[in-house]
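Student: Chains as they are written, first to last, in the working numbering: chain A, 6 to 284; chain B, 6 to 284; chain C, 14 to 125; chain D, 14 to 125.
For the record, the hints were derived by calculation from the structure and aren't laboratory data.
Treat the hints with caution; some may be incorrect.
Stated by the list, open to error - The list that follows gives simulated cross-link-like pairs (lysine-lysine, DSS-like), each with its CA atoms no further than 27 angstroms apart:
(1) A:173 <-> B:265
(2) D:53 <-> B:265
(3) B:259 <-> B:173
(4) A:36 <-> C:119
(5) B:27 <-> D:53
(6) B:52 <-> B:36
(7) B:112 <-> C:28
As the list claims (entries may be wrong) - To give an idea of the interface, some chain D residues facing chain B are shown, with a C-beta separation under 10 angstroms as derived from the structure:
(8) 19
(9) 22
(10) 75
(11) 118
Said to hold, decoys possible - Have a look at the derived ranges for each label pair, beta carbon to beta carbon:
(12) C:28 <-> A:98: 54 to 64 angstroms
(13) B:259 <-> D:98: 25 to 35 angstroms
(14) C:76 <-> A:23: 40 to 50 angstroms
(15) D:71 <-> A:100: 23 to 33 angstroms
(16) B:100 <-> A:29: 46 to 56 angstroms
(17) D:98 <-> A:185: 27 to 37 angstroms
No residue lacks a Cβ here, since even glycine has one placed at the ideal position from N, Cα and C.
Each chain, letter by letter, is given below.
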Amino acid sequence: MAKIIGGVGTSHVPSIGAALDKGIADSPDWKPFFDGYIPGKEWMAEKKPDIAVVIFNDHGNTFFLDRVPTFAVGVADHYDPVDEGYGRRSIPSFEGATDLSWHFVDKLVENHFDPLVCREIEVDHGLQVPMELFFGRPENWPVKVLPIWVNTIQYPIPTPQRCWEMGKVLREAIESFPGDERVVIMGTGGLSHQLQGSRAGFINREADEDWLNNIANNYEKFRDMSREDYVEQFGSEGAELIMWLVMRAAMDDKVDLKMKHYHAPASMTGAGMVVLENL
Amino acid sequence: MAKIIGGVGTSHVPSIGAALDKGIADSPDWKPFFDGYIPGKEWMAEKKPDIAVVIFNDHGNTFFLDRVPTFAVGVADHYDPVDEGYGRRSIPSFEGATDLSWHFVDKLVENHFDPLVCREIEVDHGLQVPMELFFGRPENWPVKVLPIWVNTIQYPIPTPQRCWEMGKVLREAIESFPGDERVVIMGTGGLSHQLQGSRAGFINREADEDWLNNIANNYEKFRDMSREDYVEQFGSEGAELIMWLVMRAAMDDKVDLKMKHYHAPASMTGAGMVVLENL
Amino acid sequence: MSDAQIPETPLFDRKGSIDGYRINKMAMALGDPANREAFKADEEAFLDRYKLTPEQKDAVMSRDWNRMVAMGGNLFFILKIAAVDPTPITAIGAAQAGLDHADFLKQRLGKE
Amino acid sequence: MSDAQIPETPLFDRKGSIDGYRINKMAMALGDPANREAFKADEEAFLDRYKLTPEQKDAVMSRDWNRMVAMGGNLFFILKIAAVDPTPITAIGAAQAGLDHADFLKQRLGKE
Ligand SMILES: [Fe+3]
Ligand SMILES: [Fe+3]
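Chain A with its partners taken away, still in its complex shape (with noise of 0.2 angstroms):
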């Protein structure tokens, strides 16, 4: 069987990927947040996982309107950067966990769940970001990737409890899959933010930092909130945090907060991350 290695929390703001492209991620408005990551990385590389879990949505990149998942799991063996509107970034492909995805698929589908499965697909900041910042910028990934994602974006969307059931079956997934893999879980999106609306701009600090205090061992009440709840707390973007859930559920009931880093804003964002692990 598979084994998590542990379960990271953190946002995929695309702006990070564009400091890194741009090269100001020393400059005194990103600094702070990026230092805020390399204990994260440190834990990353000593813990070596083979397979990371990513939980994201697309941001209407490669998904249209026309056919909108509720969920998608990738099954493909690669997966490349798209085009968000400013060509494609010149970072690696993602190799596919293909037998762990199709093994995922099963399980999703025995279990009651509707995936839209993917074969040929390309990814957006929302897994690439997540990927940066825990690995940084290698010539290849060091780990084979399991996308997952969530519709975020055109409701009705999946409810928190949804998504925190979710977890449980992708938890059942690697754990009675056929090899030794190690395997990260990585729940992506948020905090806070709202890009649409009047609110636009809204950031809610205390609503940020009372989730990553809570989200590893108080989590109930994040499990049991409403969409609107989501939305209002945390604006209509940082609903997001729901993506959060998959990962959480996927652990012990009881976790080791090993780590956690804020910083607001990152372009009109909350942000920051925690690392979980199982005790």
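On the provided structure of chain A, position chains B, C and D with the ligands as indicated by the hints.
Tutor: Positioned in the frame of chain A, the structure of chains B, C and D with the ligands alone reads:
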């Protein structure tokens, strides 16, 4: 609230449409098949539904293997017939029941289903043929449609039990819909057939008759069978019968079996239909 | 969920998805470099190709982000229009908040 | 589900989906009339466009339905190759059953 006026189970074999296109519906090969549908057409004309919910699978015409949805729901304002390799058939476009579609999508997601939501999409014989069998070849279809696609091509296909659960949500959606539309539910596919492997041409007349006799009021056995059971008893493509379960689950526990019809083979398939009404 | 009423917060539900379909489809196409060139070369012709209404065309061509969003433009799609200019996302935020850019950065994001 | 063993019955699971991807993608393209014309005009060139292996090309060009399916061709896609010829579906069934067409119609479908 909208009203379910009945449930139909029917084959959707493409050769049925081809026979109509070629004008050979009265040939000795086809007449007995089409004659059996006359009472069904009369029933439909008398019941005058406003909306037809059609549950069917795509046959490699609309969805490719790059992105396979377990369940897809149409929310489009219209659905054109797709070119299946012989040119687009000259039958009218299907108008979408958009309001009920979106309402159903809301209910599905609330109830922890994960549909692919489709707004710009074409439909193949899986939807076309049932419409022709029950509504003939009118200048314009007398109903709007709500298409539901079920993956029956690439494994894992959804379980019969999951299809059953979807039918429950469909009923809830129709009954909570603010409107007085009359809705007919058409579960399509089957009956027994196998197109692939050395068992190609397999037809199981006994199992088909048992299905038609018992789907009305002894459905439990069918609801509880595994996917493997379906393939074994009805053939690899006969497993399409799981889609009738969505219709059956949306009806009352006890129903009136108004009519049934069986003919084999239609092309390479056991073919037929039932019409059910709530008591 | 579709009637959620959170102050100053439009949710992109069926209404936005239906109303904004053409704007968003046009904007999505700007993910392709060839389409970006066509857009830059003759913006109006490009918008016509996607059958935008006169109102939609006007909102896009005058970069009226607020109106684009009100007409169902979803930010993630229309950001690809912004990418062509380029317009910073904070300017789009400021337009929607009804603030000038400096005030927006200060009041909403706490930047001096 | 992926290891289900039903006699003489291949399920189109991950193996078929991966193995047959190129054949099926080529066949899917035949839903477009322009592609059908290209296929008819120069079949081998069309297959090359979809990077079929020599074995796959041979199976398609010799209309060896049995081998196409064994190599992951899914019937619903390869039916679009049959549509170009056209080859009746019962002939494809017969080829897979290892029967001649008349025997297949009689033995499997009960047709005299
Ligand atoms: Fe995001
Ligand atoms: Fe079918």
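Student: Does each hint fit the structure? Answer for all of them.
Tutor: Checked hints:
no. : hint                               : result
1   : A:173 <-> B:265                    : violated, 44 angstroms
2   : D:53 <-> B:265                     : violated, 44 angstroms
3   : B:259 <-> B:173                    : holds, 15 angstroms
4   : A:36 <-> C:119                     : holds, 20 angstroms
5   : B:27 <-> D:53                      : holds, 24 angstroms
6   : B:52 <-> B:36                      : holds, 25 angstroms
7   : B:112 <-> C:28                     : holds, 17 angstroms
8   : 19                                 : holds, 5 angstroms
9   : 22                                 : holds, 5 angstroms
10  : 75                                 : violated, 19 angstroms
11  : 118                                : holds, 8 angstroms
12  : C:28 <-> A:98: 54 to 64 angstroms  : violated, 38 angstroms
13  : B:259 <-> D:98: 25 to 35 angstroms : violated, 50 angstroms
14  : C:76 <-> A:23: 40 to 50 angstroms  : violated, 20 angstroms
15  : D:71 <-> A:100: 23 to 33 angstroms : holds, 31 angstroms
16  : B:100 <-> A:29: 46 to 56 angstroms : holds, 53 angstroms
17  : D:98 <-> A:185: 27 to 37 angstroms : violated, 50 angstroms
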